[in-house]
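Protein chains in written order, with my numbering: chain A, 1 to 396; chain B, 1 to 396.
Heads up, a few of these hints could be off.
Output of the computed footprint for chain B on chain A, the stretches with three or more beta carbons under 8 Å from beta carbons of chain B [unchecked claim]:
1. 24-33
2. 162-174
3. 225-233
4. 329-336
5. 344-350
Derived DEER-like restraints, expressed as beta-carbon distance ranges [claimed, not checked]:
6. B/E347 - A/E184: 23 to 31 Å
7. A/K246 - B/T109: 39 to 47 Å
8. A/E184 - B/L387: 50 to 58 Å
9. A/A305 - B/D378: 56 to 64 Å
10. B/E347 - A/G307: 26 to 34 Å
11. A/E275 - B/E275: 31 to 39 Å
12. B/T87 - A/G307: 19 to 27 Å
13. A/T87 - B/T87: 24 to 32 Å
14. A/I110 - B/E347: 23 to 31 Å
15. A/R312 - B/E181: 36 to 44 Å
16. B/G72 - A/P89: 42 to 50 Å
Just so you know, the hints here were simulated from the structure itself, not pulled from any lab data. The beta-carbon is built from N, C-alpha and C at its ideal position, and this holds for glycine as well.
Protein chains: 2
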Amino acid sequence: MSGVSAFGFAVEGGEGLARAGRLGLPHGEVLTPAFMPVGTYGAVRGLHPEEVERAGAQIMLGNTYHLHLRPGEDTIRALGGLHRFSTWPGPILTDSGGFQVFSLAGLRTISETGVEFTSHIDGSARTLTPELSMEIQAALGSDVAMAFDHVVPGQASRDLAAEGMERTLRWLDRCKARHGELVERADRRTDGRTDAIDGDGLQQTLWPIVQGGIHDDLRRRSLEGTLARGPWTGIAIGGLSVGEPKPAMRRMLESLAEGLPTDRPRYLMGVGFPEDLLEGIALGMDLFDCVAATRNGRHGSAWTASGKLNIRKASNRIADVPIDSECDCATCRRFSRGYLRHLFVSEEMLGLRLVSLHNVRFLIRLGERAREAIRQGDFARWSRNWLERYRGREET
Amino acid sequence: MSGVSAFGFAVEGGEGLARAGRLGLPHGEVLTPAFMPVGTYGAVRGLHPEEVERAGAQIMLGNTYHLHLRPGEDTIRALGGLHRFSTWPGPILTDSGGFQVFSLAGLRTISETGVEFTSHIDGSARTLTPELSMEIQAALGSDVAMAFDHVVPGQASRDLAAEGMERTLRWLDRCKARHGELVERADRRTDGRTDAIDGDGLQQTLWPIVQGGIHDDLRRRSLEGTLARGPWTGIAIGGLSVGEPKPAMRRMLESLAEGLPTDRPRYLMGVGFPEDLLEGIALGMDLFDCVAATRNGRHGSAWTASGKLNIRKASNRIADVPIDSECDCATCRRFSRGYLRHLFVSEEMLGLRLVSLHNVRFLIRLGERAREAIRQGDFARWSRNWLERYRGREET
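Only chain A is shown next, with the shape it has when bound in the complex (with noise of 0.2 Å):
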């Protein structure tokens, strides 16, 4: 590995908020900003491992909460892990299973202990604590774990998302003890060689959440109370892109920029769509996950140079173009938008898997150009540019 040391991060130029970075992990180094697939199951949907590295991911994502329902983070354990066992060979972040037992809305009862939920797969009766998430985590050996928080609704009153931002801070602390003592132990048994990743032992940091809803103060009351409990290798901003209006977002990104450390990646949750990720890549986020790419993929629906395209549509039959003629991915190399929308249309799974490659490798693309375009110090003029054509306002 070179460049950074593990957990490090290297701020490697800059343009205005925006930066272009370097975060070195266990399982490789990450360039920011970046976009990371989601494993929802320990695999991006429809995807081989393969295709998405050569798509260029960094970084892949896993789901506490799916991964302890299916297949159970014992399975991972004894088949070596969650690398091993999905063949993926970076970095892996995985979430705290947080926002997921959150959005089971009349199937979970929060408590200050944790949340008791139903399983959404046979029905049973679950709780998922603070120190549960870090236990899962800890067996699923990803390079970053997220601590458990609690996640409100986008349209949540002051007072829920208060109650919500004050109990994250608690649990924060849970987190960090619980965290601290998995890592100890897993020295212990493997005497303090750090060299043993996929073994006993256990390379793996913990980023908080900063959450606080639509209100800036308890956004900034939440950020300093975070940094107040530790010299954390990341920080996550959580809670948005879940229902709040749109200008939202940015409002509560700019008032938390102040008080943001420098020399720390940013990790902005949920967050995702081509337009999203250049808006939070101009307010200094980071790093950047969503389900979009895949899920609108399955659906017949790319990302363009020139806005979204539905494959399926009747004016594609005879199309010998690709999705986008700048594009480089696999599937715009080789394949026509007559071929994608027959195979849509005779429901062949090669297309739902051809689409989604496509749109992963478009976020994945977009955040390289951006990082180009900040060491060059013309972001701010590319993505103006980039967006004004992707929204079809372009004058030429």
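Guided by the hints, dock chain B onto chain A, whose structure is given.
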């Protein structure tokens, strides 16, 4: 291209009735015996053409019936023919649609003209005739077109089998006439140039199909009538593996063995379970196709050297071994049974794809190994051992 001329066939070794051959086709050579994966809609279900190629497939099948209904041959012609449309670079064999329309029991009416049927897609009334089948296959631009035949069920009476067989012969005359016109017309358009494979030229051969149910004499009569009608570059045996008693296939192939020209490839249609492939090879068959590889794969059923494996079984939960430790497919080289089981249990598309790919490679490799054994004069011994182990009766 080396070795044989287009549509030529060279026998390079033999043992008993089994042969090792080399078939020349406009888009490449096929070393026989060979399993041909089925790309119903211009894609081997769940697989990328690159994966199919890497699995060692030398030729892909396309289904005239399905492609006629979706997307329609006009669409495929507009997009450059089936090769360019599907991006499959090697030879393609298209069936005639006969098998499919005769399978539409209750939805079709047979007359001497052809078959009127109801589309399984939109319920529209359609007709398929020998002439139309030739026209569709010419539009698809496959290397090998199959004659439009009258297929009867495996348990059909002697009278019905005789009727279907005689009609197949009469229809063969019509197929031959129309195919000849189509090739000639294409030649005129290209001024006799034969290099215009993907252009207006039609470098396509027509193969007849021997019918006759499970009646030795009808089969022999069909073969005689077929041979009397032209100097075919290949001959197919149809109407087997369609519900007849298991030993009937062997009896039919034995009764045809003497009459089949030795210098032409023989295609045993619809056959492709491992044990049937070996039996067919032993009885002098060269080419095979079957959807079982991908259909079983989608259900999590995998072939291994020691028999069938149901990947969903609980016993695979923490199995840190590949489907088949002797298999060289991309799935077995990378993924554990435990991970594959997890993909099936959590309904991840990737699972269907990985097991389908294994099964396709399994049959292709079986053909490769049979070819090697035949050339070394070791086929009888090798296939006996192989089958014993596959059926779990190995003594060691």
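Hint check:
Judged by the Cβ-Cβ criterion of 8 Å, the stretch 24-33 of chain A is not covered by chain B as claimed, because only 0 of its residues qualify and three are needed. Requiring three or more residues with a Cβ within less than 8 Å of a Cβ of chain B, the coverage given for the stretch 162-174 of chain A is violated, as only 0 such residues are present. Remark: the stretch 225-233 of chain A is not confirmed as covered by chain B, as 0 of its residues place a Cβ nearer than 8 Å to a Cβ of that chain, below the required three. Closer than 8 Å: that is the beta-carbon criterion, and the stretch 329-336 of chain A has 3 residues meeting it against chain B, so the requirement of 3 holds.
Check on the stretch 344-350 of chain A: 5 of its residues sit with their Cβ under 8 Å from a Cβ of chain B, so the three-residue criterion for coverage holds. For B/E347 and A/E184, the hinted distance range of 23 to 31 Å is not satisfied, since their beta carbons lie about 38 Å from each other. Checked against the given bound of 39 to 47 Å, the beta carbons of A/K246 and B/T109, roughly 59 Å apart, lie outside it. For the pair A/E184 and B/L387, the beta carbons lie near 57 Å from each other, so the given range of 50 to 58 Å is met.
Checked against the given bound of 56 to 64 Å, the beta carbons of A/A305 and B/D378, roughly 58 Å apart, stay inside it. Evaluation of the 26 to 34 Å hint for B/E347 and A/G307 yields a pass: the beta carbon distance comes to about 32 Å. For the pair A/E275 and B/E275, the supplied restraint of 31 to 39 Å is violated, since their beta-carbon distance comes to about 57 Å. Look at B/T87 against A/G307: about 26 Å separates their beta carbons, and that is inside 19 to 27 Å.
Evaluation of the 24 to 32 Å hint for A/T87 and B/T87 yields a pass: the beta carbon distance comes to about 26 Å. Between A/I110 and B/E347 the CB atoms are about 29 Å apart, so this pair conforms to the stated range of 23 to 31 Å. For A/R312 and B/E181, the Cβ-Cβ distance of about 37 Å falls inside the hinted range of 36 to 44 Å, so the restraint holds. A C-beta distance of roughly 43 Å is found between B/G72 and A/P89, which places it inside the suggested range of 42 to 50 Å.
Hint compliance for this structure: hints 1, 2, 3, 6, 7 and 11 are broken, all remaining hints hold.
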